[in-house]
Amino acid sequence: MAESLLPKLTVAATARGDATSSGTPLIEINQLSLYYGAARALKAISLSVQERVVTAFIGPSGCGKSTLLRCVNRMNDLIDTVRIEGGIKIGGHDIYNADVDVIELRKRVGMVFQKSNPFPKSIYENVAYGLRLHGTTKKSEVDAVVEQSLRSAALWDEVKDRQHSSALGLSGGQQQRLCIARAIAIKPEIILMDEPASALDPIATARIEDLIMELKKDFTIIIVTHNMQQAARMSDFTAFFYLGELVEFDTTTKIFTNPAQKRTEDYVTGRFG
Amino acid sequence: MPQRHTTGKRSHGWMGIQRGHRARPLEWLAEKFIFAVSLSTILVVLLIFLFVAREAAPLLFGRMNSAAVQEVIPVGEFDKLSPAQLQQYLGLTPSELAAMDRATLQSLMEVKVEALNEIPAAFRGDPDAHLNTTQWRYLLGPHQWTDYAKPEFIWQPVGQIKKYNIIPLLVGSLKTTLVGLLFAVPLAVGAAIYVSQLARPRVREVVKPTIEMLSGIPSVVVGFFALLVMATVLQSLFGYQTRLNAFVAGIALGFAVIPVVFSIAEDALTSVPQAYTQAALALGSSRWQAAWQIVLPAALPGVFAATVLGFGRAIGETMIVLMVCSASVMSWNIFDSARSITTTIAAEMAEAVSGGPHYRILFLLGAMLFAVTFVLNLIGDVVMHRLKLRLEGKR
Chain A
1 MAESLLPKLT VAATARGDAT SSGTPLIEIN QLSLYYGAAR ALKAISLSVQ
51 ERVVTAFIGP SGCGKSTLLR CVNRMNDLID TVRIEGGIKI GGHDIYNADV
101 DVIELRKRVG MVFQKSNPFP KSIYENVAYG LRLHGTTKKS EVDAVVEQSL
151 RSAALWDEVK DRQHSSALGL SGGQQQRLCI ARAIAIKPEI ILMDEPASAL
201 DPIATARIED LIMELKKDFT IIIVTHNMQQ AARMSDFTAF FYLGELVEFD
251 TTTKIFTNPA QKRTEDYVTG RFG
Chain B
1 MPQRHTTGKR SHGWMGIQRG HRARPLEWLA EKFIFAVSLS TILVVLLIFL
51 FVAREAAPLL FGRMNSAAVQ EVIPVGEFDK LSPAQLQQYL GLTPSELAAM
101 DRATLQSLME VKVEALNEIP AAFRGDPDAH LNTTQWRYLL GPHQWTDYAK
151 PEFIWQPVGQ IKKYNIIPLL VGSLKTTLVG LLFAVPLAVG AAIYVSQLAR
201 PRVREVVKPT IEMLSGIPSV VVGFFALLVM ATVLQSLFGY QTRLNAFVAG
251 IALGFAVIPV VFSIAEDALT SVPQAYTQAA LALGSSRWQA AWQIVLPAAL
301 PGVFAATVLG FGRAIGETMI VLMVCSASVM SWNIFDSARS ITTTIAAEMA
351 EAVSGGPHYR ILFLLGAMLF AVTFVLNLIG DVVMHRLKLR LEGKR
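Top to bottom, those sequences are chains A and B. Quick note: the first sequence, position 151, residue 151 per our numbering, numbers continuous. Quick note: the second sequence, position 162, residue 162 per our numbering, numbers continuous.
These are calculated hints, taken from the structure and not from any lab test. Fair warning: there could be bad hints in the mix.
[Unchecked claim] Computed list of lysine-lysine pairs in DSSO-like fashion (alpha-carbon distance at most 27 Å, straight line):
#1 Lys80/B x Lys112/B
#2 Lys160/A x Lys388/B
#3 Lys80/B x Lys208/B
#4 Lys80/B x Lys115/A
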């Protein structure tokens, strides 16, 4: 039932998403389907993400929101059984085209993971790693970017005196902010966040949320979250997924106050999920 | 809690819940049994060392004399000797002395006199024949033997004058072991990185068991192969003079070391959290960069442990070196022959007179080998622990 309705719905949603902001979208996902072997995890998803806004992906566990997120920087390439149909365009270029350099793509599309995963190196080395990877080797330059990234991630004041001690000695919230600093150090255009605060306490979560609101000025952010309030507080647009389908995509205000779909309403009001 | 003891004698702790061995006697018994078993392994290791060291003890305390020509006391002077003098002269323990009667002791003295008479008269004038070669200065330092142009380190436990310098054996062991490790560790760690980080699952399923199967090949077979095939191939490749040398032995040792190092290094690399690799890839590193720059440093304690174990395997390996080369040449050149400590013990123990100087020195070598590997493992453990702490940010 839902399957036959879906294309029409998503087209409508995309149209609305475009209408609410100016300019061409930065990310265009077009009829994207993803298979794990024979199982279809994403079903013909289409949506557009505007530049310098926060877009939230919500939905119950297993609905495919993280999978979709990982399509945007092609992290799903690492799984052998994954097959993808349809396409994603970033800035007008199809990222699944054969001539796309995955390394260049991931430089432009950063990622922050659910569980903070700083390298077992010093705080400084964690942030500097990406820079060195992409050819910045001059010490003064690296120093400057490390400081700037740590400042942007609201971590500088806490760690400036112990930049060269191990990152694993930081608290969970600090580690996650370090991962954000590491991601923004290489100046991506887009940052993907996969439930970045789900393993943190409320205070650390609040700091991450503040940080995301700050980062919105410079980066386009897509955030996957289980936390309804978080999506409502932070995002400009919200996409609701259910069982691999995009049910509804619209401004966050619309989704949380006047959703077009019954299922969306049930989910955001907590009737299931 | 005043009610605590009111529920009866058989109850223990809060609310009468039984705890300790009374509640779960079988688990308690099993736990104690496992503890005893693990304790016994430590005990066995200790006992082995004590046994080996005890056999070498007379040597350590300078109670052995290996001089070919020794002063003898005529049997007629038996009554002039005190029991202490007699004991030292015949090299007996107090209990052995007490167990022997007068006739036995006298015949022992007679044997000494006869042994001296058997030595050719011309040879008795040789100063070397009067040396006790079991002294530390002859065991460890060079000595200019009669007819030699300069002081030399010589291991020659047979012949009129027994030369027991152990330095050529130490050098031989180190030479072969180092060649083996230099050959095996980079290969094994490289293979471990490939298998754990880069290979496709299907390739991994073939390569991993194949390399680990290498450890199932008996070392005598490896030695055989090295003796007949590798020696020839390597000689034609490198063009050195001595066909059978420490280099060939080292490479062959490498084949015994590779599976040990590979197996442990691969485990260490695989146990590095996937999250690190994911983070590196998401930052735009290639798989190779992620493996080399992130995973390998994180697995360094494990890789180090693998190397230490590989060292233990290499220095303890007997058969391969025995088959490939065994001339005790004092030379650091890897293209000269070598005789390792283990090889010496294996080859000479059968012909050494029980309780004699040669026998004691072989045990000394065994004890030394034991001590060296023990200390190295200990150092390895400490280094590994520190590396681990540093990686975990606790230091």
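Hint-by-hint comparison with the structure:
no. : hint                : verdict
1   : Lys80/B x Lys112/B  : 17 Å, holds
2   : Lys160/A x Lys388/B : 24 Å, holds
3   : Lys80/B x Lys208/B  : 74 Å, violated
4   : Lys80/B x Lys115/A  : 89 Å, violated
Checked against the numbered hints above, the structure breaks hints 3 and 4 and satisfies the rest.
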